[in-house]
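Residue strings, one per chain:
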Amino acid sequence: MARKRRGSGLLRWLLVLGLPVGLLFALFNTGWYERVDQWPLGITAGEVAVYAGVFDLRNEVGPTEKGELWTITTGQHTGKKKRKKLSDADWRAALFSGEGYSDSVEVRRMAEVDGGWEIRFPKDNYFKAQRRLLLVPKNGTTERANEAIAMAKYLKLAAPERTAVRAEIDGNRSEFIAEEFIDAIFLDKRGYSDAALFTQGFSSLLPEHWRPDTDGDSALAEEIIAKEHAIISGSGSASDNIDVEAAAAWLLLCEAEGRRDAIMDEATYAYDRSTGRIVPLYRPQHGSDAWRSDGEPVVNLFSALISRADFREHMAKAKTGLMEKWPTATFSDPEWLSRALPDAHNPVHAEEEAAAVPFGNTLADIAARIGCTVSGDTLNFVRGKYRIEDDVITPPGTTVILGKGTRWFIAAGKRVEVNGTLVVNGTGPNPVFIRPADDAPYVGVAVNGVPESRCSMVGLQMSGGSSADGMLNFRNTDVTMIKCILSGAEGTLVSVQRGSVDVSGCAFMGAKGDGMRLVNATGKVEACNFQRSTGQATGDGLVVSGGKLEVRDAAFNDLVGTGLLVTSGAEVSAERITASNCATGVAAVDGAALELRQATITRNRVGLRGMRTQQHRKGGSITLHACTLEGNGKERELDEVSRVVEAGE
Amino acid sequence: MMKRHRLDPRSRTGRSQAPLIALAVIAFVVFGGGVLQFGVQRALGMAGAAVLNATADGLLESRVDHRLRVVDLEIDEQVLDSLQENLPYSGTEWKKAMLLDNGIHYPVSFRYRGYGAIHHIGNKKSFRLKMKRGAAFGPYERMNFLNPKSFNMINVHLSYWIAARMGVAVPYNDMVFVRINGKDHGVMHACEQVDADYERNRHLSAGDVPMYKGDFAPTNVRDSVQHGPLWRSADNWQYLGKADSIDARRKLLGLVAMINAKDVPWQQRRDSLEKIIEVDAFLRFAAAMKVLETRHIDNYHNQLLVLSPRTGKFYPVLWDPILLFAPADEPLYPMYDALSFWLMHDPEWRWKRDRYIEEALHALQDDSLAYRYLDEVVERIEPSVHADRNKYGVLSMAGQDVDRYSVLHWAYSTEQLRKQMAAHWSGLRAELEAGDIQVKREMNNVLIAGTGVPPVELTLTGDSLQVEANSWGKDYRVDVIGSDEHAVRLRIFPWTAQNVKGSSYNDRQRYELQPWNVRLRMSGGRLSDAKATTYFHHGQETAR
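Protein chains in written order, with this note's numbering: chain S, 1 to 649; chain W, 1 to 544.
If we strip away everything but chain W, and leave its shape as in the complex, we get (with noise of 0.2 Å):
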């Protein structure tokens, strides 16, 4: 009786219960076609973040006081529309648009960007706006907002924040809250379109700059333009600006050769490098690209080459980096394009790449800078994210998964991410101080042999000592970096480096520490002690 008379439609609780019954079917047969169409964990996920979203999301305030910079753009809804017809193919077009900074309006153009589901999927899609130089973004000509790529939104920022204070060129960038004819767009990453006025906004120059852009062909005409290796050829790089390219087209075409260059001896290659790249900061993009342990800039894209005034040679800006975004088996030496295949390839460039490193991982990690300016910015960003109901992002590995998700997905990312950086630099550090040295005496000769990261010290210790150094072996190179009456400090690197796959740049390719075993000859003077260290300290040992 009384379970006939709840399945009555007409009593009132069966009244009551029919809409539940009804949501729950239809949530059944929509979880089932989720779960036929993506599987298990794609449409689990999905659901999850939905009801996520419109939970715990739900029971926040939507009005905050920003502690974000607030970007409010007006422009027509039927342009919008129009541009939105068949993304991202018809977005590219710019359009029209006012900007609302400080009470002032801008006239600006608009238009969308990105090819990546991230950036067009969903209600949060990316654009670019188009200013003039003294607007309200000054001076930077063209910004990109973007849909954060990760649940936390700060990752792509937090990585130019590591990179720019490791001395890599950076664009300028910021977390901003954006509004789009009075309604909440949500957080977004603004980012400065790099382009030849690079330096120019920086007061390092007075004009554009040459400036080559390495990356896949713009949106509208992506699918149909081949794409080769961006080493591969110079005609592969795209030319911005309205400096003169002569110059800097002679030198991509003098980089491009020497990096293809077979049997060139080393020495050469290096010399030619250095007349061409700015190794230094070249050096510093390769260190900032293991600390970030990205694999967003490759052989193919998110390359920037500036051609200095002031120096005459490139230097890279970094340009998409993601951290973490790296399998997990990444090893120290990882070659990410053909120049970093032979830039890893010399030992003293290895090392002073390493030091970078290290350098950095004593400020991030060791001194928390890292971790306080994450702090800071989710401090920044908190009421932000709460006020966004239009959180969209990645939520499988299906890259065309963009769906919403919610402030909980956020919390975590954010959590998790502080973990990986704190994971990934322990490791880091770690390999850079793992290895064991021997000393060994061998009449008037001495042995050293080990395993780890070079270069290693010799302090040899005796009377009017005279050392066959500072000339270049087969497998290692030995130069004098002091000397007195009774004692010779020694800086040995020893060539221990082996490219795995081959000779020549192919993808995925690696540099892998050797053991290594170096004789040292005496041909003069008394020896009567030798202490050997490693410049990361991680072993001494002594031979008398």
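Same shape as in the complex, but just chain S (with noise of 0.2 Å):
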């Protein structure tokens, strides 16, 4: 009885110690508890993490890691400099594997982020599409990002993409946030692909970051310069320089997070290219900064938009909706915006300096410089010659109507803005000329559509420009061009960047740059012959870079580049074209899709060419129906993800 009783007692202890135990694996290793927000009795989410360290046996994942794994294994530096000059900031080589991937790659430690690496991932093998990432450490800020990032993407506002992974770096496992990187990728994932980035911050601290930092590219940031001051001073509407829904949108983020910082110190930006406009991107923050002075802003594009009743009704709009869906959510009023020191580098009295400007751009100024008539909001020319000797500029909403046997001269790099309507009446016995006046080139002529305008082109010959955006550059507009003739300039002969384009018995020739080059425009395109570059070329023919076009009967001969160009998801269809001597007849390129129909494709070193030009984007498509291929270099020449069906195929 005795030892039965002993027994008995052995069975209990091993019952009272051992059942507790068992149910605690059992309960922490169905992960349940994960779901738990309060717990009862006190019991804190501290001890419960306690517990679930050593009783969570899970893939030796502890209570809070969430998803994927990637593991990095550092080497030595990749830098030309000697090496005891680097640091843990500068790029590495390493080991990264993760998800079925698993190649070299180079990382380095985040400059402002205590514990977080940079990745960058081979040209020729992305990961996830994505060339560049950044791991930031999860800490108390992340489901704050986490949220704004989520406010910024109900406000259609450009934001990275984030998610939660575990990475094991040299040994070291910890949790991150996996943040898409802001680069050209990130902007042709969303729709910017003839956009750049920039940097600019407006602490009265930092004059290192006043101007637009756009890497080098001098010509970009005046371009950007000039928009913002364009929005500072007022002139015109706002949208024609920056997307206001998008600045709404950022400033009432930057108030709902309370991020002076994105002002004070440097925020990333794009210049979209084919609007002209400046475009605001979100960024979480990544370090503290707490250091930072909040001092006080120079006067900046925000200051001047916030001071804008439209803006200001954007920004409430806006602000409506995010309330709706974030109750929670809490605004400050950027007051402190309007503090804004006065740009200092004005002059003291502007009206006294405006006074000393030898040259005004109202039409009336415009018109006694040059010589033409005003009527209205309207810049007549009537036949004869005129001579340009400084940009001309017009008002938003001017329209400049060049009649017959109208002679252009334009000074060595001055170029004519048209912000409105350009109207070309040349005829073939009398046309329009627009020339350089001395030996050396003219910058260009560009319009910058207003709503609803539509630029026609009959009988234009033109040539001697050097703008890289294009000798004959048009914005936003529609466009019809009819029996003209443009010829010899240091770029591209003609741009035009979003509007309709209604193209006809054109020639193009004997351009540095691009015959033609269209983004994201539709439209049709006829009878036109692309022909012969000049000099140190590097254009193409045709270039259709995103949009829809027909192109019918058009001719690509002896062009250094590609004779059609089709790119970043245009859709085109071609009929009856021919393209004979050029470095490549026809080419689809990212995601583009090109269908040719009785296209003569001759004598071309590669006839059809299908690429993608970066890892995240698609191949190209060409489609050929009844088409002759023949006495080409290479007949066709496809990467792995591009593809030429033949017709019934």
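It is worth saying that the hints were derived from the structure and are not from the lab.
Certain hints may be false.
[As the list claims (entries may be wrong)] When the alpha-carbon atoms are kept at most 27 Å apart in a straight line, the in silico DSSO-like pairs for lysine-lysine are as follows: (1) 414(S) with 404(S); (2) 275(W) with 414(S); (3) 313(W) with 414(S); (4) 85(S) with 183(W).
[Unchecked claim] Sample of chain W residues facing chain S (criterion: CB under 8 Å; computed from the structure): (5) 165; (6) 172; (7) 201; (8) 369.
A virtual CB, placed ideally from N, CA and C, is assigned to each residue, including glycine.
Hints given; two lone chains; assemble the complex.
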């Protein structure tokens, strides 16, 4: 009896100790405890975490760890400088593996985040369609940042994707947020294929941030500065210079998050060349930088925008929507922006300095200077010779009409910018000429369309421009071109960015850049000649980037680039075209689809080309219907993601 | 009995008092020695500061949450010792160090910098770091960490801020808290070392730009180098950077020649200067010099010239200003160097400078911008000042009396700075606004007389008025700035300032305003009314 009692005692002890332990293992390995927000009886989350650390054996994952597991093993620095001068913030080689991917990459520590990493994948082997990724340590601000990203997306503000991952870096496992890097690929994915990134800040203490940092492209910086000055001075419509919806959303989000740093430190923007607008981008806050002075901002585009009633309306509208979705969100009024310091680089008394400006740009000034006539908001040029010695920039809403026999001679380095509509009424015997006044080239003629504007060019003969954006450059306007001859430019001959085109009977020849470049445009091009590049040419004949186009009866001859190049998801149908003696006859690139009917592709180095220029993009697709391909050095050249389909296959 | 008992060293009371007595004796001897060596005032100041540093600062918490950027530096102690052997001369060799920022170790080069006692006497020595462009302080490759010159610590930082908001080019600078080898070094003023990469750092140009530095010779050779006034010869300027210097040198030679040329008509000199320097930038600089009331930038040192690749002209960068560092009787138009002698010579340029001053005073004082910024900096710096046990400053008028001071010095000095700023700017505005004008009509002539800061704006009303204007008179210049059938608006610059010490530049020269007297002749029309007012609206007079 006594032995039995001892035996049952042992069992009791085993049961008393083992059962709770077993229950705890069972409890913590089901993982349901992770879903409990509030524990009863005063049990704290910290205590639960301690128990979970002991009893949760699932894949050796900690109680709160989520996401994929990535492994990074770092190696030597890859920089060319002496190693002793390099720090952890310099790139070093590493071996990366995660989710079916394994390759050599480059990594470096993030300078602004303690414990953060940046990963650069090989050019030819992106990871999840990313060339670069940020690994930001998970901390107390992660949830807030995730919520802000969700808000940004709701407001249609471009923001990077974020996902929780676990990363084991040199044997140390930790939780991170993998964040999409803001670069050209980021923009590309969001439809800004013709945009450039820049950073800028407006703290009075950080003058190094005042000027847009465009990675050394000073011409682009000047263009952006001109846009900002237009916003600050209130000239024209703000929406011509900045994406107002995005700006309102961006500012609202800064206020919701209390992110003065976005303006006072450095923020990231895109400059969309196709629309000529600045687009604010949302970037989560990484470093705390609590030591930064609040200070006062210098005058900037946001302090100018916030003073406009229409912009405040945009903000109020966005705020209402946001409040419905996130009722707990709080917003402070960005009144501190209105205390911005005046622009220190402006003269003391603008009106006095303005009086000293030799040439004004009102219609009357322009007319008096050049010798044309003004009628309402229209500048009329009748038959005759006009010498343009200084830049002409018309007020918004202007129509400029060049009558038959008009001859413009533009001085070297000068440009004409029509903010409205350009109409050229040339005829066969009496064309309209635009030529350089001297031996050196002028910049070009640019048209920034206004709503409903439609430009018409008939019988225009133009040569001698140098703008890389196009000797004749149309933005946001519909364009008709009939029987025009464009030749001899240092860059692209004609470019159209957003709008519809109807081009017929025109000749594009002798350019160093492209013949015609259509970005996100729709319409048709027929019976046109794209011919012969000159000098150190690099250009193509007709470039269609995005949009939809029909091409008929066009000829592409003797071009150093590609005769017809369709790219960036464009859809082009080409009928009865010929491409001969070009480096490449026709090409479909980066997700573009080209349908060729009865085309003749002969004597080119490469007849058909399909490719993608970056890893995250799709290849090109060319469909052939009764086409002739002969005498080409190589009939087709395709990468692994592009294809050529013969009709009926 | 009682008395003897107290003095008996064997008694408990006597034993407890003995150290105090000894301390008092030692203190008396030391203080007495100090009095003999320094004089009463200096010795009192230094002793008081030491006592306050030990008592007041000792009561403060040394572990605080800094609101300033914390700069963590690691360097071999032996290296530090060797650099400190014979300062300032021994500290100029670059040594390896590590800068810790956000968990990253950046290799940097370290050296001590500064010639004045404030930089190298005491425990808070000024130093310079050289690092990669992409390192913790990027894009700046050379950063100075300076022992603040004044007890308030923020004087120079505030000066830069004021000048920057007046449109003057300034270096990047901020207040920081420095730790060296884990030990607190204290609050310092971090300031970009301005070099030929000044424009590159601001995205203004792709590479180095021509830059000239007008300063004393480097610390290690300063005593052996003869240094003449900067504007006497182009050779007194040091060329910095790798940019092509041919054009810059030619322009500097031209500028020096134009400054020193004698018997050149003013119009010719003015036109020549306008071709070589960005006059507007120099006038803003002159305005800032007056608003800051500094005398620490002069004909010998602290001058920087950048040749702008955009305009092909020189513009100045402000370097080492000290707010309110000038004698109390500083004139309205001081000449701080030979170039300013000519800048202040022209009445129109003086007017432009005055307008920059007026505009700045409006923002800084009327809109309280400067005080607001001062408050913000004080709030940011305060915890770090409390934690700083290493406050070293100049405790007397003798520059070498560098010793510890206390948080009370800091608080008092900060308050004084606020008061002195207000007093200086109120006085400056009063100077600009002082004066009176009288307008008289004699037949068809108008006589204007007065004192104070020009120009005068004269509005003449009548019918078909014709004024003999737009000509340079001997004593004044008249410009028509507006006219219609019934009125003519004129701007008159009386040539009022006289150089009080001869015709060429010497130290401590000034232009002083003289009473002016202008007679305008009407060559046609019928004058009914003449109204004169000055730009600064201190007086207005009408003659009918």
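Failing hints, ascending? none
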